[in-house]
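There are 2 protein chains.
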Amino acid sequence: MPEFTLHYWPIPFRGHPIRFILAHHGADWDEADAATVAALKDRAPADKPYPFLAPPLLHDRGQGVWLSQMPAIAIYLGRRFGLTREPDQSLRLICDLSDILLEITRYHGALMWDRASWAAFRDQRLALWMQLHERMAAENGVSRDAGFLFGGEAPGTADLCLGAVWHTMIDRLPGLRRLLHSHAPTVEGLADRIADLPRIAMLRAKWQDSKPIYCAGQIEESLMAVLAKER
Amino acid sequence: MPEFTLHYWPIPFRGHPIRFILAHHGADWDEADAATVAALKDRAPADKPYPFLAPPLLHDRGQGVWLSQMPAIAIYLGRRFGLTREPDQSLRLICDLSDILLEITRYHGALMWDRASWAAFRDQRLALWMQLHERMAAENGVSRDAGFLFGGEAPGTADLCLGAVWHTMIDRLPGLRRLLHSHAPTVEGLADRIADLPRIAMLRAKWQDSKPIYCAGQIEESLMAVLAKER
Numbered sequence: 001m002p003e004f005t006l007h008y009w010p011i012p013f014r015g016h017p018i019r020f021i022l023a024h025h026g027a028d029w030d031e032a033d034a035a036t037v038a039a040l041k042d043r044a045p046a047d048k049p050y051p052f053l054a055p056p057l058l059h060d061r062g063q064g065v066w067l068s069q070m071p072a073i074a075i076y077l078g079r080r081f082g083l084t085r086e087p088d089q090s091l092r093l094i095c096d097l098s099d100i101l102l103e104i105t106r107y108h109g110a111l112m113w114d115r116a117s118w119a120a121f122r123d124q125r126l127a128l129w130m131q132l133h134e135r136m137a138a139e140n141g142v143s144r145d146a147g148f149l150f151g152g153e154a155p156g157t158a159d160l161c162l163g164a165v166w167h168t169m170i171d172r173l174p175g176l177r178r179l180l181h182s183h184a185p186t187v188e189g190l191a192d193r194i195a196d197l198p199r200i201a202m203l204r205a206k207w208q209d210s211k212p213i214y215c216a217g218q219i220e221e222s223l224m225a226v227l228a229k230e231r
Numbered sequence: 001m002p003e004f005t006l007h008y009w010p011i012p013f014r015g016h017p018i019r020f021i022l023a024h025h026g027a028d029w030d031e032a033d034a035a036t037v038a039a040l041k042d043r044a045p046a047d048k049p050y051p052f053l054a055p056p057l058l059h060d061r062g063q064g065v066w067l068s069q070m071p072a073i074a075i076y077l078g079r080r081f082g083l084t085r086e087p088d089q090s091l092r093l094i095c096d097l098s099d100i101l102l103e104i105t106r107y108h109g110a111l112m113w114d115r116a117s118w119a120a121f122r123d124q125r126l127a128l129w130m131q132l133h134e135r136m137a138a139e140n141g142v143s144r145d146a147g148f149l150f151g152g153e154a155p156g157t158a159d160l161c162l163g164a165v166w167h168t169m170i171d172r173l174p175g176l177r178r179l180l181h182s183h184a185p186t187v188e189g190l191a192d193r194i195a196d197l198p199r200i201a202m203l204r205a206k207w208q209d210s211k212p213i214y215c216a217g218q219i220e221e222s223l224m225a226v227l228a229k230e231r
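Going down the list, the sequences are from chains A and B.
Just so we're aligned: 9 in the working numbering is position 9 of the first sequence, and the numbers increase by one with no gaps anywhere.
Just so we're aligned: 55 in the working numbering is position 55 of the second sequence, and the numbers increase by one with no gaps anywhere.
Think of the hints as simulated: they come from the structure by calculation, not from any bench.
Since the structure is predicted, the reported quantities are computational estimates derived from the model, not experimental observations.
Glycine residues also receive a C-beta, built at the ideal position from the N, C-alpha and C atoms.
Among the hints, erroneous ones may be present.
[Said to hold, decoys possible] Coverage of chain B stretches by chain A, computed from C-beta distances (three or more under 8 Å per stretch; other residues unrestricted):
#1 31 to 38
#2 55 to 64
#3 104 to 118
#4 193 to 206
[What the hints assert, rightly or not] Here are the simulated distance ranges between beta carbons:
#5 R144(A) to S210(B): 46 to 52 Å
#6 A228(A) to R61(B): 23 to 29 Å
#7 R79(B) to M1(A): 31 to 37 Å
#8 P212(B) to A116(A): 25 to 31 Å
#9 P174(A) to A205(B): 27 to 33 Å
#10 A110(B) to S210(A): 49 to 55 Å
#11 Q124(A) to S210(B): 29 to 35 Å
#12 M112(B) to R115(A): 18 to 24 Å
#13 A116(A) to K41(B): 35 to 41 Å
With the sequences and hints as input, model every part of the structure.
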């Protein structure tokens with residue numbers, strides 16, 4: 001049995017920050033298939049191995065730990081692997097990333113995008129997130145071509161999570177690279193460097209042709225549709 | 001100058017978990033008024049004292065730290081005050097609470113409640129959150145009348161945050177006490193005990209007649225309207 005099992009849908013989205021940390025550390029993990037994840041999620045609270053609401057859910061067999069919530073899992077693994085500098089600012093950034101994923105899917109598909117709502121989000125809120133992360137990166141030891149957050153000489157938990165969200169966004173939704181480049185060139189550079197780390201590059205290669213490509217569901221179609229109109 | 005300044009709107013919502021921790025510890029803090037908070041939030045990224053997107057924002061003058069994101073602030077203060085047991089499970093619970101606040105406001109008012117959507121949320125998702133927290137509490141050292149999460153002899157970060165969200169919900173939206181009692185009597189008991197802690201009771205007394213009463217905005221009106229129909 002591998003040391004870790006990640007229970008998440010077969011999509012990048014909230015899974016990739018966790019996968020990037022596991023992969024970069026060289027952890028031994030497997031992933032439950034979608035049917036298993038769905039069955040576990042739908043069990044009654046009393047019948048679950050751990051009282052979580054929704055994936056991602058991590059099972060750490062070595063430590064006998066179950067844990068849900070992407071930010072909690074990322075912070076847990078980061079500490080376990082000795083990867084976290086500045087835990088509070090890292091957690092703040094990871095909470096931001098969680099919000100960004102929620103917002104780009106209009107709250108997990110509670111609403112669909114149309115041209116006007118997408119343009120407003122892209123130019124205001126998404127641009128603002130990028131500008132704010134640009135300042136966080138630039139003021140904390142990162143330049144476009146070198147350095148990691150909070151003065152680290154190697155990628156830390158925050159770098160890996162930022163890379164997982166921002167690189168995955170511009171990789172899977174390539175129309176958005178120009179926006180990130182324009183508002184956050186330092187973040188773009190960091191995200192590209194994280195994506196090119198040997199073990200992350202291997203992970204990404206395995207995911208290269210996977211579908212759904214980003215967040216799945218009707219909201220993925222909606223996102224693709226508004227982005228296609230921008231070309 | 002007080003040691004801490006909390007920048008948040010004059011509503012309970014995402015502020016109370018932070019306020020409960022500050023108050024219980026006996027910290028010396030003040031709060032920026034709504035106009036100051038709004039002005040700070042609306043500054044350009046380069047002009048902010050710290051690149052945050054939205055309140056809550058904490059300024060810890062003693063440590064020279066600025067920090068945004070409710071879960072990050074709660075974990076930061078909890079560690080600073082020596083209140084956190086089981087940081088990972090605590091963070092998971094605090095992320096849950098953040099989700100619950102998001103969901104009960106239909107994503108900060110992105111949608112409004114109507115009778116059908118409210119009934120579905122109340123009976124499914126909200127009931128499920130309650131049941132899951134009930135199991136977390138019951139399996140981690142809490143009973144209705146005694147005990148705190150993760151075996152503590154005194155309230156910890158997770159207890160204070162759970163109390164702040166669940167007690168505030170049933171206090172400000174009293175129609176929901178019956179639901180919490182039915183699905184999560186242990187959580188109800190814990191929340192009531194947290195609310196009755198001397199410094200928390202003093203904090204609550206100051207807030208007793210404050211308006212908006214819960215989350216503010218059109219979504220507060222919408223929530224009040226669907227709850228009024230249930231009486």
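How the hints compare with the structure:
For the region 31 to 38 of chain B, the proposed coverage by chain A is not satisfied: 0 residues have a C-beta within less than 8 Å of a C-beta in that chain, short of the threshold of three. For the region 55 to 64 of chain B, the proposed coverage by chain A is not satisfied: 0 residues have a C-beta within less than 8 Å of a C-beta in that chain, short of the threshold of three. As drawn, the region 104 to 118 of chain B meets chain A at 4 residues by the rule of a beta-carbon pair under 8 Å; at three or more, the given contact holds. Counting residues of the region 193 to 206 of chain B whose CB falls under 8 Å from any CB of chain A gives 0; the rule of at least 3 is not met.
Judged by the Cβ atoms, the range 46 to 52 Å given for R144(A) and S210(B) holds: they are separated by roughly 47 Å. Restraint check, A228(A) to R61(B): a C-beta distance of roughly 50 Å breaks the suggested window 23 to 29 Å. Range check, R79(B) to M1(A): about 33 Å between beta-carbon atoms, so the 31 to 37 Å window is met. Hint check: P212(B) to A116(A), Cβ distance near 29 Å, so the stated range 25 to 31 Å holds.
A C-beta distance of roughly 55 Å is found between P174(A) and A205(B), which places it outside the suggested range of 27 to 33 Å. At roughly 29 Å, the beta-carbon separation of A110(B) and S210(A) lies outside the given 49 to 55 Å, and the hint is violated. One distance hint, 29 to 35 Å for the beta-carbon pair Q124(A) and S210(B), holds here, with the actual separation near 30 Å. Evaluation of the 18 to 24 Å hint for M112(B) and R115(A) yields a pass: the beta carbon distance comes to about 23 Å.
Checking the proposed 35 to 41 Å range against A116(A) and K41(B) shows it is violated: the Cβ atoms sit about 24 Å from each other.
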